[in-house]
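2 protein chains.
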Amino acid sequence: MLIVGTLAFDAIESPFGKTDKILGGAATFIGLAASQFDVKSAIVSVVGDDFNQEYLDLLSTKNIDLSGVEIVKGGRTFFWSGKYHNDLNTRDTLTTELNTLADFDPKVPEAYKNADVVMLGNLHPSIQMDVINQMESRPKLIILDTMNYWLDNALNELLEVLKKIDVITLNDEEARQLTGEYSLVKAAEKIETMGPKYVVIKKGEHGALLFNKKNIFFAPALPLEEVFDPTGAGDTFAGGFAGYLTATKNVSFENLKNAVIHGSNLASFCVEKFGTERMVDLKFDEVQSRLEQFKELTQFNIEIQ
Amino acid sequence: MLIVGTLAFDAIESPFGKTDKILGGAATFIGLAASQFDVKSAIVSVVGDDFNQEYLDLLSTKNIDLSGVEIVKGGRTFFWSGKYHNDLNTRDTLTTELNTLADFDPKVPEAYKNADVVMLGNLHPSIQMDVINQMESRPKLIILDTMNYWLDNALNELLEVLKKIDVITLNDEEARQLTGEYSLVKAAEKIETMGPKYVVIKKGEHGALLFNKKNIFFAPALPLEEVFDPTGAGDTFAGGFAGYLTATKNVSFENLKNAVIHGSNLASFCVEKFGTERMVDLKFDEVQSRLEQFKELTQFNIEIQ
Chain A
1 MLIVGTLAFD AIESPFGKTD KILGGAATFI GLAASQFDVK SAIVSVVGDD
51 FNQEYLDLLS TKNIDLSGVE IVKGGRTFFW SGKYHNDLNT RDTLTTELNT
101 LADFDPKVPE AYKNADVVML GNLHPSIQMD VINQMESRPK LIILDTMNYW
151 LDNALNELLE VLKKIDVITL NDEEARQLTG EYSLVKAAEK IETMGPKYVV
201 IKKGEHGALL FNKKNIFFAP ALPLEEVFDP TGAGDTFAGG FAGYLTATKN
251 VSFENLKNAV IHGSNLASFC VEKFGTERMV DLKFDEVQSR LEQFKELTQF
301 NIEIQ
Chain B
1 MLIVGTLAFD AIESPFGKTD KILGGAATFI GLAASQFDVK SAIVSVVGDD
51 FNQEYLDLLS TKNIDLSGVE IVKGGRTFFW SGKYHNDLNT RDTLTTELNT
101 LADFDPKVPE AYKNADVVML GNLHPSIQMD VINQMESRPK LIILDTMNYW
151 LDNALNELLE VLKKIDVITL NDEEARQLTG EYSLVKAAEK IETMGPKYVV
201 IKKGEHGALL FNKKNIFFAP ALPLEEVFDP TGAGDTFAGG FAGYLTATKN
251 VSFENLKNAV IHGSNLASFC VEKFGTERMV DLKFDEVQSR LEQFKELTQF
301 NIEIQ
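Residue numbers (the numbering used here), protein chains in the order written: chain A, 1 to 305; chain B, 1 to 305.
So that you can see chain A by itself, here it is in the shape it has in the complex:
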């Protein structure tokens, strides 16, 4: 599994406290989530030489190949800081320093040019396209995550890369913005005509929807007593989704359902602590036990007549 995305410093303020610069970035959360499935993965990214060696070591211990991570001498790592409002559903971005990300020229390691699954984290669509073009064989599954920033600022490039992918993940407002359709059913239908066969619409605390033609599947977010920090929840969802599909080598709609549940399950842990704190030492047993909670939450027994 090949992961493209940011490795970053995040500084987060929430009603529960405030962090200094801590480990963040889409590729980080995706990689940590995917590592739950014991898959071979590699990150393609860029950092400055201010990036902590311990962060790289941490990712290495999770069996993530970092040979595709460029370390720019004298460069500074991408930095984002944001402040969450009281409801944790809305946030203000305080700072975005692209730094080394501004000139990011992704290089896919030779050993991953035939990866089965490519997970394109939220980045400029031209970078996402560049990575696809470096693949030697068509991956079984290309998953792309994006956000409103690229809809606003690189729509044409995004529409081009959409033609090349299998699964898109984006949130409800973004799906509406991309299609001009308020109904998510109609929005997903329109997005499928743009290229992706599968559309995953993330609704934050309201769960996620998976669409493929007339098939729809819904995974709720686990209702939690306390959401501490939503940063990385969407990336963790995507990483769990992609990691499960990589491990099971099955891209049927039925298995994509399971992948959506696994993604939601892992995201439910991510939000319980600041940054990556909860994800770095998440235990297999904890994950299994929470999957049981997802079953309790959603499975029912009605005989259809």
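Simulated from the structure, these hints should not be mistaken for laboratory data.
None of these values were measured; they are calculated from a predicted model.
Incorrect hints may have been included.
Copies of the same chain look alike in the list, so a pair counts if it works inside one copy or between any two.
Simulated pairs of lysine to any residue, SDA-like, Cα-Cα distance not exceeding 25 Å [what the hints assert, rightly or not]:
1) 203 <-> 171
2) 203 <-> 55
3) 21 <-> 162
4) 83 <-> 186
5) 40 <-> 303
6) 113 <-> 124
7) 203 <-> 230
8) 249 <-> 195
On the provided structure of chain A, position chain B as indicated by the hints.
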């Protein structure tokens, strides 16, 4: 099953059109939904003699006993009109004329004073209490629906009646208002200390949550291409929930899960047309086939290790 609630005239504006005064009211939607389960039910309500005989006849053909419906000579029936915004999630109330409802003095028919299930539709909590007090034996299940208006204007009376009931249904904002807790998990826990053993939190297009101690169940709303008119969806949900429990005579948490699904299922029809239009001739086969869609939407197959 005993139903207390309004029989009303509604006039609705939505982006899809506008109606004259049509049949509405909580008891109407509850009764129509419950009638899907072939249960014996009675409505306790009040109307003016301006209320259409054909509406009463319609409810009678659905096997609903109307001996508890007072028809006030020279009185006018409760009238509500509202206008939905483009997203259909928010609405403005244009008119509320209480009319005969202002002096509503509910009378439970003798034959229903030992009903198994009492469904208290959204009304002044004093009226809901009055009905409970008229019961000769404690019903197996008392379900109460309420709304922010009563939280604002009759909170003490509401808190009194909460002590007497088994299930409360209210929406997410109302649950937060009632408890001061943003987390719905914490809100539900607090509401349980106020009396109801089961708490159902309705989230409109985002589904409904059922809580009982540490048990949580979630039913999504069916994603629809087009929502035409949300009026009555909450009452239809409650009517389906109560009707199913009346028919199955089983108030275990497992069966309440099924009841939540049946409620969501029926509500998904209600919103497809104006007012009661879709509900009045809803066929058994349509209901069953949509239950199948709910299964497809939510059921997955992950083995827990």
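Review point. At most 25 Å between C-alpha atoms: does residue 249 with residue 195 qualify within a copy, between copies, both, or neither?
Key: Cα proximity of residue 249 and residue 195: one copy only (22 Å, versus 50 Å across).
Exercise for review: Go through the copies and call it for residue 83 and residue 186: within, between, both or neither, with a Cα cutoff of 25 Å.
Suggested key: between (33 Å within a copy, 24 Å between copies)
Review point. Are the CA atoms of residue 40 and residue 303 at most 25 Å apart within a copy, between copies, both, or neither?
Key: between (42 Å within a copy, 22 Å between copies)
Review point. Should residue 113 paired with residue 124 be assigned to within, between, both, or neither, using CA atoms and 25 Å as the limit?
Key: within (20 Å within a copy, 67 Å between copies)
Point to revise | Homomeric proximity label, residue 203 with residue 230: Cα distance no greater than 25 Å | key: both (12 Å within a copy, 20 Å between copies)
Practice item. Using 25 Å as the alpha carbon limit, work out where residue 203 and residue 55 are close: within a copy, between copies, both or neither. Key: Neither: 30 Å inside a chain and 40 Å across chains, both beyond 25 Å.
Exercise for review: Up to 25 Å between alpha-carbons, please classify residue 203 paired with residue 171: within, between, both or neither.
Suggested key: both (6 Å within a copy, 18 Å between copies)
Practice item. First find the shortest C-alpha distance between residue 21 and residue 162 inside one copy, then the shortest across copies, and answer within, between, both or neither for a cut-off of 25 Å. Key: Neither: 33 Å inside a chain and 48 Å across chains, both beyond 25 Å.
Checked against the numbered hints listed earlier, the structure breaks hints 2, 3; every other hint is satisfied.
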